[in-house]
Amino acid sequence: MKSIGLLGASLLDWLEAVGRAGIFLVQSIFRLPVRFKESVNLLVKQLYSVGVLSLVIIIVSGAFIGMVLSLQGYSILAKFGSEEAVGQLLALSLLRELSPVVTALLFAGRAGSSLTAEIGLMKATEQLSSFEMMGVDPLRRVIAPRFIAGVICLPILSLIFSASGILGGHLVSVEWLGVYDGAFWSSMQQSVYFDTDILNGLIKALCFSVVVTWIAVYQGYECVPTSEGIGKATTRTVVLGSLAILALDFVLTAAMFGDF
Amino acid sequence: MRSKRSELMVGCFIVLGVAALVYLAVQVSGLAFSSKKDTYQVVARFDDIAGLTSRAKVSIAGVAVGNVESITFDKDLYMALVTMNIDSDVNNIPTDSSIAVLTSGLLGEKYLGISIGADDEMLKNGSEIYDTQSALVLETLISQFLFKGGDSEK
Amino acid sequence: MSVVDAYIKVQNVSFSRGERSIYENVSLTIPRGKITAVMGPSGTGKTTLLRLIAAQLAPDSGKILVDGQDVHALSRSELYKVRKKMGMLFQSGALFSDMTVAENIAFPMEEHTKYDAKKIADIVADKLYSVGLRGAVNLMPSELSGGMARRVALARAIALDPELVMYDEPFTGQDPISKGVLVKLIRQLNDSAHITSVLVSHDVEESLSIADHVCILAGGRVIAEGSADEIRASDDPEVKQFLNGEPDGPVPFHYPEEDVSGRVAL
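Chains as they are written, first to last, in the numbering used here: chain A, 101 to 360; chain B, 46 to 199; chain C, 46 to 311.
Just so you know, not all the hints are guaranteed correct.
[Said to hold, decoys possible] Straight line, CA to CA, 20 Å or less: simulated PhoX-like cross-link-like pairs of lysine-lysine:
#1 C:Lys159 / C:Lys129
#2 C:Lys126 / C:Lys108
#3 A:Lys137 / C:Lys229
#4 C:Lys126 / C:Lys159
#5 C:Lys159 / C:Lys54
#6 A:Lys137 / B:Lys49
#7 C:Lys54 / C:Lys91
#8 B:Lys49 / A:Lys145
#9 C:Lys54 / C:Lys129
#10 C:Lys229 / C:Lys79
#11 C:Lys163 / A:Lys137
#12 C:Lys108 / C:Lys54
FYI, nobody ran anything at the bench for these hints, they're computed from the structure.
One chain only, chain A, in its complex shape (with noise of 0.2 Å):
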């Protein structure tokens, strides 16, 4: 009877707690920076800390990810005899799975901590306070256009990551193994399609974005105040959003391409 008590009420805690992180999230979505010059600064900032300083990791990845697939692809596909379809297990393989998954858990590991470790130190040092007593309701000038930021960069990053990786396995396949160039892409063309296979990666991409940056901002924002608070909650941070990334692959590739 007890643990069915105490699971009741960790239930109840747990719900307690999506909802506020719920509220969370609606509360920053609406609550833009109101002129529009300083919101697109703001952005900018953001864009630049969240997107481009991921750039370096999300393309040499990528070019590795597509070299080693390539690597293995072949090395199965030449006992029957079917070189070529490695262009088409490249390809599909980044699109459809690779790319989106292994942008947002580097993008979790990368940008996602470091969103909720600088938003707790701000926390730690009353910077979030400070604005409360200026009366400017941190929400809308620091948590917004991180939020935003994050959700705009993870497709664009995800999007770059295939194209490397596709590289990286040209690289591998027809420089190094000797794969005929003309088949590989020609394989490539035919079996990818923009509508289901690029379109539904980019939808994926934007999903783990939305929930990978949720995670990261409200993380920092309610955090514990102390060096030892930031350092779990960015530890949280991670984990978290790896879990939720890959529980949420799942879901979506089901919905995607489960009705073969």
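Dock chains B and C against chain A, hints included.
Here is chains B and C on its own, set in the frame of chain A:
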């Protein structure tokens, strides 16, 4: 000065993102922006198309000259009705040409191949190719082989 | 003790954080145009008092009137309007780390006034001059020393010419010279601009030296209220212990233990 630089970098970032999208669309998915290339439609009925899909290529002598627009089931004849688009500059395909469902490689994609006939009349929009050759289905092939093998033993 | 014109009235306020009660039925007044020092040992919720006045926290019961308005009964936008009349100097300075000194001071004006850039720059220079840091205009907060950061934060707190400035532990962690500078600045600002100042601190000497009115909080209640001289002359044992820094007295040296026998058994 600092903010100018970050604006520039953000600009580059967004341009890079758009470039990646265009690259993926054109090079990877083969989305042609001039996809409204002039084509004319030709139909053909097959007994068995075995895994041919729409957008599969239609080729003559191995060169793609068009693609499959749609595949439907012809209820009256119990056959597959394939509608394909042929580039309009390839306007000299004789009406008695034959068309076959082929496979690229052992496990590759299915595509249509047209073998040129000898008629003076050419295919035009809405014509039908009557001489069709179904896909080779592996199971049928094996059973034929077994059947023939049994025959020769007699 | 007789206060004619109260700017802030705290009436029977109780506040608790979780299980821990911080205030029980606290009432105090902060006179207009004077410097009021709220003192007390660490952990008695002096900063909490400032946050209650600014309505960043809501009391469990009781009312806080700021210039006659019950701040906890206001709507969000009305509250933000009242807050424009308040300046607050946070313990850590709380300068926005991604803006320069000038941008920090200009920020409240950019948010709340329609001044053009020229006028804002003039006011920024003026405020920086009044805290003696005119040369630091283009530095980033990370390049400032602790004392300088607090002075810049002070300049920012007074940028909108508020009626009330609250100082949260302004002297903590400052060297004697910075302390002296801050004491002088707080006095100067209060007198020249007719600001009401509330100072939360446990630095007895500095606080008593500038305060017109002193409240001492301990154990969730006000143990003494009056002018600096009255407080000095008080013979209340708790007040004496606090002022003289005696290790043992009414405020026990030992942290209360719940159940000694249980602990020994472990």
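| field | Numbered hints the structure breaks, given as an ascending list | value | 3, 5
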